[in-house]
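Protein chains: 2
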Amino acid sequence: MTEKRVEVCFSPYHIPLYELAKKAVVVIDVYRATSAIVAGMGAGIEKIIPVSTVEEARAYLEKGYKVAAERKGAVVEGFDLGNSPIGFSDPALRGSTVVLTTSNGTKALIKAKSAKEIVVGSFLNQRAVVDYVNQNHDSVMLLAAGWRDRFNLEDTLVCGAMAQDLLSLGWTTDCDSCLGAMHLYDTAKNDIKGFMKNASHTNRLAHLNLDEDIAYCNQKDVFDVVPIYKNNEIVVEHVAKTT
Amino acid sequence: MTEKRVEVCFSPYHIPLYELAKKAVVVIDVYRATSAIVAGMGAGIEKIIPVSTVEEARAYLEKGYKVAAERKGAVVEGFDLGNSPIGFSDPALRGSTVVLTTSNGTKALIKAKSAKEIVVGSFLNQRAVVDYVNQNHDSVMLLAAGWRDRFNLEDTLVCGAMAQDLLSLGWTTDCDSCLGAMHLYDTAKNDIKGFMKNASHTNRLAHLNLDEDIAYCNQKDVFDVVPIYKNNEIVVEHVAKTT
Numbered sequence: 002m003t004e005k006r007v008e009v010c011f012s013p014y015h016i017p018l019y020e021l022a023k024k025a026v027v028v029i030d031v032y033r034a035t036s037a038i039v040a041g042m043g044a045g046i047e048k049i050i051p052v053s054t055v056e057e058a059r060a061y062l063e064k065g066y067k068v069a070a071e072r073k074g075a076v077v078e079g080f081d082l083g084n085s086p087i088g089f090s091d092p093a094l095r096g097s098t099v100v101l102t103t104s105n106g107t108k109a110l111i112k113a114k115s116a117k118e119i120v121v122g123s124f125l126n127q128r129a130v131v132d133y134v135n136q137n138h139d140s141v142m143l144l145a146a147g148w149r150d151r152f153n154l155e156d157t158l159v160c161g162a163m164a165q166d167l168l169s170l171g172w173t174t175d176c177d178s179c180l181g182a183m184h185l186y187d188t189a190k191n192d193i194k195g196f197m198k199n200a201s202h203t204n205r206l207a208h209l210n211l212d213e214d215i216a217y218c219n220q221k222d223v224f225d226v227v228p229i230y231k232n233n234e235i236v237v238e239h240v241a242k243t244t
Numbered sequence: 002m003t004e005k006r007v008e009v010c011f012s013p014y015h016i017p018l019y020e021l022a023k024k025a026v027v028v029i030d031v032y033r034a035t036s037a038i039v040a041g042m043g044a045g046i047e048k049i050i051p052v053s054t055v056e057e058a059r060a061y062l063e064k065g066y067k068v069a070a071e072r073k074g075a076v077v078e079g080f081d082l083g084n085s086p087i088g089f090s091d092p093a094l095r096g097s098t099v100v101l102t103t104s105n106g107t108k109a110l111i112k113a114k115s116a117k118e119i120v121v122g123s124f125l126n127q128r129a130v131v132d133y134v135n136q137n138h139d140s141v142m143l144l145a146a147g148w149r150d151r152f153n154l155e156d157t158l159v160c161g162a163m164a165q166d167l168l169s170l171g172w173t174t175d176c177d178s179c180l181g182a183m184h185l186y187d188t189a190k191n192d193i194k195g196f197m198k199n200a201s202h203t204n205r206l207a208h209l210n211l212d213e214d215i216a217y218c219n220q221k222d223v224f225d226v227v228p229i230y231k232n233n234e235i236v237v238e239h240v241a242k243t244t
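One line per chain: the protein sequences are A and B, in this order. Sequential numbering from 2 applies to the first sequence in the working numbering. Sequential numbering from 2 applies to the second sequence in the working numbering.
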C-alpha cells in the first residue's frame, strides 16, 4: 500500500518551492473566505467564481451577477456581500452563481492552480474534507491562505486539525510545518477563541465587530460539502464519512 | 518611550516581504551553523567569513585559509571542518580567521544584508543576544534559517525563546509568526530533545549520529558573545547582562 503523505504550507508565497502536480491542495482561509464558500455551498449556492481583483468583480457585477467583494475585512463599496459566512448563507442565494474576491483566500485558490485537485477547507467542513482526500488522494498539501503572504495562526489551526485527522487515518508526514501546526492546534483546541485573542487578525479587525462571524467560523463539521475549484469555478462534492 | 517590537520570520525566502533597513535581524540556524559560529567565537576564533557556495570556500582553501564547509549535514570532501560547534571549539582555531559555508545558515546571513545590523543567534548565546538587541535596537526580526527555504521546528524554538525574553523586557509583537513560535517553545521547552524526535531534521540526519552536537546546541547561555555580521565578515561583541 502506498504511504499517504500530508504536508502543510503556511503561505501561498511558498508555493513555488513545491511540486503540486500530483497533490491535492486544501486551501484554508478560515476567517473568512473559505468558511463563507463552505457555508454558502452548504446552504445551496450552486457555483462560486473566485476572482483576484475588485476590478474583475465589478465587471461581473455590471453583467448582472451576484458578486461578493471583501478588502481589509469589510464589504467593498458598491457590493452587497463581503466574505461573511452568515451573509453567504442567505436563502436568497440558493441555486445561484456568486462571484467572490477576497484579500487572501481567493488569491490562494488561484495560486494553487497547478495542483492535481483544489479543495476548499474550513472548520465547517473539516471532517468532510478529510474523508474526501482520504478516499481520493495519497498526497495532500494543506495550504494556509495566511495574511498578505505571511503566516497566520487561524489558518494554521485548521491545517493542524485536519493533519491530526489524517494521521489518525494512517497518513504520515515528514514536514515540520505540519508538525508545528498540529502542536499549535493541540495548544488551541480547547479554547480557540481564547487562543486567538492576541492574534494579529483579532487586533487588526477588532473595529469591525466580527465576533458573530468568527464564532460561526470556529464551528466544526456543520456541512458535509466539499467545494472543488476547477475550470475557474467552485462546485460542490458530497462525501460519505470514512469513520 | 518608543514601543519596541519583535517579529519572527520563518524562512529567508520570506525576506522580500519585509523592510529591514531599520531592523536588527537575528539569524538563527541552531542545528548547527549559528551554534558553531557562537561556540567558535566563544572559544576564541577572531573572525568568520561566511560564503554562499562550496566553490567560494574552496578558493579560500587554496589561498591558505582555514575553511569549514557543510552540505547535507556532513563535512564536504576536501575540507577538515563542517558545521559542528564542537569542531569549531578546537583550541587550535583560537585567534584565527575561519571561512564557513553551510546549507542554510550562511545563506540566511547573506540574504539579510539589507538589515540595520545582523546578529548571530543560538541557544548558546540566547541571553547575550537578547540583552544586546534590547540595549541597541527597538525593532528586531528573529530570522529562522529554516531548511531549503522552508519552515523548520528547531530554529523556530530559538525564535520563540528569544521572543519570550524580549516580551518579558517590555517588548511587544503584532506578528503571528512570533506568537506561534512562542507557543511552540512553550510546548517544547521542558524536553527539547523529545519535542524534536519526530522533526524532519532528526529523521533527515539520523544516519550521521549528530546526537552529541545536537545536545551541545540545545544548551542555553554558554557564551556571552554576540557575533555581528558586517562588511562580509563576522566579528564578536561582548555585552553586559540586562537583568
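Treat the hints with care, since some could be wrong.
Identical chains blur together in the list; that is why a pair holds if it fits in one copy or across any two.
[What the hints assert, rightly or not] Restricting the straight-line Cα-Cα distance to at most 27 Å, the calculated cross-link-like pairs of lysine-lysine (DSSO-like) are:
# : residue 1 : residue 2
1 : Lys5      : Lys198
2 : Lys73     : Lys5
3 : Lys194    : Lys48
4 : Lys114    : Lys67
5 : Lys64     : Lys221
Keep in mind that the hints were calculated from the coordinates and are not lab data.
Results of checking the hints against the structure:
1. For a Cα distance limit of 27 Å, the shortest separation of Lys5 from Lys198 across copies, 21 Å, qualifies, whereas the shortest one inside one copy, 35 Å, does not.
2. For a Cα distance limit of 27 Å, the shortest separation of Lys73 from Lys5 across copies, 25 Å, qualifies, whereas the shortest one inside one copy, 37 Å, does not.
3. In this assembly of identical chains, Lys194 and Lys48 lie within 27 Å of each other by CA distance neither inside one copy nor across copies; the values are 31 Å within and 49 Å between.
4. Only within a single protomer do Lys114 and Lys67 lie at most 27 Å apart by alpha-carbon distance; the minimum there is 24 Å, versus 48 Å between protomers.
5. Taking identical chains as interchangeable, the C-alpha atoms of Lys64 and Lys221 are never at most 27 Å apart, the minima being 36 Å within one chain and 64 Å between chains.
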